[in-house]
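Fit chain Z to the known structure of chain V by using the hints.
For reference, the chains in residue letters:
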Amino acid sequence: MRATVAGATANAPVKPLRWLRWSAWLVLLVVLLALPLYVGSEWLKAGQWMMTGAVGAIGLTMLVGQAGQLSLAHAFFLLAGGTTYTVLASGTEDGRVVGFGVDPLLALLAAVAVTALLGLAFAPVSGRLRGIYLGVASLSLVFIGLYFGQSADRLTGGTSTGRTPAPFALFGFTFDNSGSLVVLGVPLRQAERLWYLYLALTVIAFVLARGAVRSRVGRSWRAVRDHEASAAAMGVNVAWAKAGAFAVSSAYAGLAGAMTVLWFDILKPDENEFGTYGINVSIAYLAMVIIGGLGSIGGALVGALIVFGLPQVLSLYSNQLGIFTGSGAGAVTPILVSTFVYGAAIILVVLFEPGGLAAIGRRITGGLHAQRKKEGTSR
Amino acid sequence: MHTFLQLAVNGLGKGAVYALLALGFVIIFKATEVINFAHGSLVLFGGYLVVVTRESLGWLGASLVGVAGAGLLAVVVERLLLSRTKLADPNSLALLTIGVDVIVAEEIVRRLGVGVPFLGEAWDAKPIQVGGITLFRTHLVAMAVAAVLITAFYLAFKFSNWGVAMRAQAENREAAALMGIRSRQVTMTAWLVAGLLAGVAVLFLATQDFSGAGLSRGTHSIALAAFPAAILGGLDSTAGAIVGGLVVGLVEALSAQYISFDFSKSAVFLVMLLVLVVRPSGLFGTRESTRV
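Sequence lines, in order, name chains V and Z. Residues in the first sequence are numbered consecutively from 308, following the working numbering. Residues in the second sequence are numbered consecutively from 260, following the working numbering.
There's no promise every hint is true.
What the simulated footprint calls covered on chain V by chain Z, stretch by stretch (three residues with Cβ under 8 angstroms from a Cβ of chain Z suffice, anywhere in the stretch; the number is not a length) [unchecked claim]:
(1) 430-441
(2) 557-566
(3) 583-593
(4) 638-648
Listed below are several chain Z residues computed to face chain V (Cβ distance under 7 angstroms; list not exhaustive) [to be verified]:
(5) I294
(6) A353
(7) L354
(8) L355
(9) G358
(10) V361
(11) I362
(12) F522
Keep in mind the hints are simulated off the structure, nothing from the lab. This structure is a prediction, so every number in the text was calculated from the model and none was measured. Note that CB positions come from ideal geometry on N, CA and C, so glycine has one too.
Okay, chain V solo, but in the shape it has when bound (with noise of 0.2 angstroms):
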């Protein structure tokens, strides 16, 4: 992981391209927010589903990337921040289930906060371990995280039915298909509102993220990063910058926890380690991460892109492409396909851009410089 320290430090951008980096992401922005005009509500699922995983894959990446902890407890944590958002924003009615019927903001905000503790509460371990040692150790929260979904059904619902999660309400405004809310002709319903929210949720993160990357925060956990012990030496607190960065990368998780419940519209805890919460969405991150370029923020978006985005478009153009034909055994499924591509993707950034997509894309805007230098002295 060494190897992308000056991936991840050298973000000089130089003057001239600031502008066009701005404007690129405002059109981005602008067709983001358009979109839900035009296109069918199966896109947009889609297209949160991808945001869902942007959220968790730059909390990782900043532990990852920009720490130096490797961890395999991602799916703990959305485990813990979906289970926390559910509990409390859902009504008392089912005696079957504990819920609290609190406001569904302070549910989120609580969510992210009890994640946050957890992530705190790891400490004593994520502190003494490095490497390879912390990632199998962080792997066996994601065991807790089964058993606790299997044994604590009044929180989870269970593994048989799980439970449905409050919708989601601003200041009285329900994110569901109640009422009738039309801009330009195009109604607003479930799908639309959703991605508004995922929208806003994936914005915030990235700029909070992007600003504590620039900050002394982002430098103190890549100093510990690169050598604890002179990081230690020039003053950063090791222990607290270690704990720090796992709580806040827990946070992004229980965030990125709470969309996947109001996702899929049920909180269902695992039957095995292969599920919603399992080994295999850890690892998912983790190659959100890799791809990416570990540490770097837009990487992260374009990992979460491709590794929760492949499986969507192929299935909504499973029909047209027929390869995914029928299902059960040896069926070749979006899912299958899209799981090779990011196993390859893996492999082949490690053998060749340790930098992954963020390296790449650094590459071409920094031809672009070299470019723009060139015809400036010619001139």
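Just chain Z now, with coordinates in the frame of chain V:
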């Protein structure tokens, strides 16, 4: 007392298989400092070859093919992918093995489909009663095979040229290379041995006695339980792998009985966490020292 004794026997039987897998992790780690996340797929691949070939070759022939195949896959992964990235640090290579694992495991699970064949025909589901304690053949054979293989490995490690080369490389890679040790061969053999051990382990893993289920995605996740075994013993300690394997087997058997079956998987990992908090590099692992 009787139950406890029974559980201990079961636990040690399972522990022997975990020890084989954990030893694989440790051998690879010692030679290359890479932790092989694709170990579960080596296990699955070996098992899959047995399933495919046993119609024509019979159980014994198929098992040999399976074991050899797992070893071969390990070598292929090492030669084709890992050896190409001499400069990459071991942690990124570990990530690379995750990529390999994802692909191989998915493909084999797809090929297996809904069928979950059992592998251990020669010793499956014929328990023997000794003084009120039920001994599963799978466990007995596993213990015997593990004892033989681990002893053989230990002797080779201590006395053969390969063992000397391997220990030298584990001590200091560059110095060993300068002294004329072919790191290429040492690394390749380490992966081969680890793969062979994984191929042997699957013959016990996918049985009625061990897991109650045949070869499936579940087998891959049982192989994951060898992770805690290797880690709690200490990643660079061969003795630690064996102790770790037995501890994991015992913890799993005891917690399944005395706490709950669902809890037993987490119990293994909790014990590992506990060990790591007290001893961050495992029970027998070498402590990392920091130089400033």
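| field | Violating hint indices (sorted, rising) | value | As far as the earlier hints go, only 2 is violated by this structure.
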